[in-house]
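Undergrad: These protein sequences, in sequence, are chains V and S.
Per our numbering, the first sequence runs over residues 7 to 376.
Per our numbering, the second sequence runs over residues 4 to 304.
Treat each hint with caution, since some may be false.
Computed, partial: chain V to chain S, Cβ under 10 Å [to be verified]:
(1) D42
(2) F188
(3) I234
(4) R239
I should point out that these hints are in silico values taken from the structure, not numbers from a laboratory.
Where is the CB? At the ideal position from N, CA and C, for every residue including glycine.
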Amino acid sequence: MPEYTLRIRRYSPESGEAAYWDDFTIDLDGHRSVLDGILQARDRQDGSIGIRCSCRAAICGSCGVRINGKPTLACHTHLDEAAETAPDGAIVVEPMGNMPVLKDLIVDMDAVHWKKIQRVTPWLIPDGDPPEREYIVPAESMIDVTQSMACIQCGACVSDCLSMEVDPLFVGPAALAKAYRFVGDPRDGQQYERLKDLSEDPHGIYDCTHCFNCIEACPKGVAPMSQIMRLRRIAGSDHEIEDRNNGHRHEKAFVRNIERNGLLHEADLLPDSYGGKFHPRAVPELLDSLPVILRALQRGKVTPPKALLHPHKAPKDVKRIFQQIHEKDDRYELNLYVVGYEDEEDAAGASQPDADAAGSHLPEERSPNA
Amino acid sequence: MKVAYWPGCVSRGFTPELHGSMAKVAPLLDIEMVELDRAACCGAGVLAEHNQELADTLNARTFALAQQVDGADLMMNICSTCQGAQNECQERLDANTDYREHVNQTLASESLRYEKGVVNKHFLWLMVEEIGLDTVRSKVKRPLTDLRVGPFYGCYIVRPTDRLGISRDNPRDTYLHQLIDALGGTVVDYAGMYKCCGFPIITMNKEASLKQAGRHLGDAIDAEADCLVTPCPLCHLNLDLQQPGAERLAGRSLGMPVLHLPQLVGLAFGLEPKELGMSKHVVKPTSVIDWSTSVVGSVAA
Numbered sequence: 007m008p009e010y011t012l013r014i015r016r017y018s019p020e021s022g023e024a025a026y027w028d029d030f031t032i033d034l035d036g037h038r039s040v041l042d043g044i045l046q047a048r049d050r051q052d053g054s055i056g057i058r059c060s061c062r063a064a065i066c067g068s069c070g071v072r073i074n075g076k077p078t079l080a081c082h083t084h085l086d087e088a089a090e091t092a093p094d095g096a097i098v099v100e101p102m103g104n105m106p107v108l109k110d111l112i113v114d115m116d117a118v119h120w121k122k123i124q125r126v127t128p129w130l131i132p133d134g135d136p137p138e139r140e141y142i143v144p145a146e147s148m149i150d151v152t153q154s155m156a157c158i159q160c161g162a163c164v165s166d167c168l169s170m171e172v173d174p175l176f177v178g179p180a181a182l183a184k185a186y187r188f189v190g191d192p193r194d195g196q197q198y199e200r201l202k203d204l205s206e207d208p209h210g211i212y213d214c215t216h217c218f219n220c221i222e223a224c225p226k227g228v229a230p231m232s233q234i235m236r237l238r239r240i241a242g243s244d245h246e247i248e249d250r251n252n253g254h255r256h257e258k259a260f261v262r263n264i265e266r267n268g269l270l271h272e273a274d275l276l277p278d279s280y281g282g283k284f285h286p287r288a289v290p291e292l293l294d295s296l297p298v299i300l301r302a303l304q305r306g307k308v309t310p311p312k313a314l315l316h317p318h319k320a321p322k323d324v325k326r327i328f329q330q331i332h333e334k335d336d337r338y339e340l341n342l343y344v345v346g347y348e349d350e351e352d353a354a355g356a357s358q359p360d361a362d363a364a365g366s367h368l369p370e371e372r373s374p375n376a
Numbered sequence: 004m005k006v007a008y009w010p011g012c013v014s015r016g017f018t019p020e021l022h023g024s025m026a027k028v029a030p031l032l033d034i035e036m037v038e039l040d041r042a043a044c045c046g047a048g049v050l051a052e053h054n055q056e057l058a059d060t061l062n063a064r065t066f067a068l069a070q071q072v073d074g075a076d077l078m079m080n081i082c083s084t085c086q087g088a089q090n091e092c093q094e095r096l097d098a099n100t101d102y103r104e105h106v107n108q109t110l111a112s113e114s115l116r117y118e119k120g121v122v123n124k125h126f127l128w129l130m131v132e133e134i135g136l137d138t139v140r141s142k143v144k145r146p147l148t149d150l151r152v153g154p155f156y157g158c159y160i161v162r163p164t165d166r167l168g169i170s171r172d173n174p175r176d177t178y179l180h181q182l183i184d185a186l187g188g189t190v191v192d193y194a195g196m197y198k199c200c201g202f203p204i205i206t207m208n209k210e211a212s213l214k215q216a217g218r219h220l221g222d223a224i225d226a227e228a229d230c231l232v233t234p235c236p237l238c239h240l241n242l243d244l245q246q247p248g249a250e251r252l253a254g255r256s257l258g259m260p261v262l263h264l265p266q267l268v269g270l271a272f273g274l275e276p277k278e279l280g281m282s283k284h285v286v287k288p289t290s291v292i293d294w295s296t297s298v299v300g301s302v303a304a
């Protein structure tokens with residue numbers, strides 16, 4: 007039986023002592039999980055190791071931890087794979103981040119995760135009286151929310167959310183994915199109210215910094231950041247919600263900027279994101295940014311004529327693409343989680359039979375729920 | 004090698020020193036760059052947030068223009084955000100023939116067509132995977148001896164790992180480490196290496212944005228880095244141009260120089276800091292310049 011070393015971070019707040027590392031040698035087959043390893047160490051060596059777990063099959067979401075620095079489910083990580091990325095040969099197991107530690111690998115999900123889930127009103131609020139029997143909706147209208155429904159509330163995304171790291175009030179990836187589950191539900195009657203609330207909240211949908219950590223962390227393919235982008239898209243494009251965080255204004259300014267210039271012209275983007283150079287909101291913001299603008303000028307990063315007098319010269323075909331797509335009645339979205347990836351064989355087809363010969367180093371296609 | 008070159012927007016806007024230094028370094032690595040001057044912004048995630056089809060169509064157009072460049076081996080970019088945003092669009096375009104056809108219909112009136120499988124690599128990936136670090140090493144004239152360099156990868160070039168083709172065989176999330184080492188420098192690991200610079204929310208939540216930048220810069224100082232190097236000009240904006248603001252929020256003095264990737268390569272290849280545009284930085288890379296002119300000033304035989 008192969009042996010593995012687990013380096014577990016131990017901490018007991020009541021003890022008054024600082025956290026420390028404890029090494030345990032376990033013997034299990036490599037295909038067994040890190041959770042199995044932790045449980046063996048607890049059974050045979052130290053009954054006081056704190057770990058929360060239940061199903062051992064990546065369904066209950068209880069055993070979220072960080073393994074070798076990355077948030078994941080302990081039951082969903084093979085020992086042999088973990089050993090390969092282990093520094094110094096020891097598999098490092100720590101509690102998740104962004105939440106207080108209760109004991110060893112157990113974090114206080116109530117204090118952070120569940121509080122944030124409650125923040126987004128996680129239940130259906132239909133319009134009018136409930137029907138006599140069940141709600142009947144076309145099956146296809148629910149497909150879009152299945153991705154956010156796959157969440158098992160393990161907190162892995164919350165653990166490594168980089169916005170939450172500097173702004174603990176950020177509603178965060180799990181709760182916002184949950185918000186989309188109801189915003190995208192055809193039975194819900196509060197879409198506008200939900201979006202207005204989450205747009206206006208300074209720690210709401212516009213506080214996400216696009217770092218992809220939640221997408222990387224999620225063991226279920228929920229891609230919380232993609233759900234946040236959907237919330238923004240519906241809030242901005244469908245409801246035109248002008249939030250106090252300049253989120254929608256920034257998006258509009260960015261889109262308009264590219265449509266006119268083809269490339270981003272930063273000197274326009276800043277004032278336009280605040281509603282235009284003469285918008286009352288822009289004045290204090292621009293004054294605040296003045297030192298930055300002056301530094302950029304001083305260092306020759308930009309010259310006044312380049313900043314102020316540039317021609318708007320997007321190629322006409324770029325302008326045409328903007329126009330053509332904006333004129334469409336419906337937004338066309340392809341969610342690969344839903345439609346999946348074409349098989350290599352199908353896709354290779356006649357279009358590019360020798361992609362490998364051309365030196366393709368592209369990522370391998372993945373299955374939608376890998 | 005010949006590449007269809009996509010410089011992005013910011014390298015020609017607020018970080019002109021990036022585009023400029025790339026132009027200086029390319030000939031030293033025998034890279035012939037054909038600039039995609041008709042292509043549009045990748046959208047930096049914002050266009051996709053607004054309308055996915057719009058972002059996918061604009062990037063399909065860029066890929067199609069790259070595929071038209073005669074004799075180009077692949078498409079090269081110098082911006083992590085472009086790399087990540089374009090990969091996201093490419094993933095959708097390549098995964099579904101019907102969708103690709105749908106997008107190609109919009110491009111048809113310009114006689115452009117995107118064929119599945121464009122190879123689009125950041126300069127960093129290109130150096131490691133196409134040119135090879137041995138070749139890079141052989142061009143070093145002024146090794147970065149004793150220079151302690153902190154890699155700042157940012158987000159778009161390292162996550163999500165499967166979309167970006169990061170695997171055991173292609174450990175792209177270690178390439179900055181490998182490169183710094185190949186140039187003779189000392190790699191400094193610190194907490195913020197793979198974290199977000201905060202730039203995407205600078206207009207929405209400036210405090211949270213600059214707190215991120217300030218924290219990572221502070222972590223790098225605590226790890227005794229002399230400078231940082233980043234493959235992303237947007238990170239550079241928050242880490243360098245906005246550093247005085249980040250300093251206020253971090254509540255400590257920072258003064259950490261941040262180099263663009265081609266600048267670091269150029270220094271090791273014997274180019275002068277000034278011609279690499281290092282005078283355009285807000286935090287003057289004094290530690291680097293002192294090093295390159297006086298500490299290890301001699302050019303290796």
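Undergrad: Now look at each hint and say whether the structure bears it out.
TA: Here's how the hints hold up against the structure:
1. At about 23 Å, the closest approach between the beta carbon of V/D42 and any beta carbon in chain S exceeds 10 Å, and the interface hint on this residue is violated.
2. For V/F188, the shortest C-beta to C-beta distance to chain S is roughly 20 Å, which exceeds 10 Å, and the interface hint is violated.
3. Of the supplied interface hints, the one on V/I234 holds, with its beta-carbon coming within about 9 Å of a beta-carbon of chain S, less than 10 Å.
4. Satisfaction of the interface hint for V/R239 is found here, the shortest Cβ-Cβ separation to chain S being roughly 6 Å, below the 10 Å cut-off.
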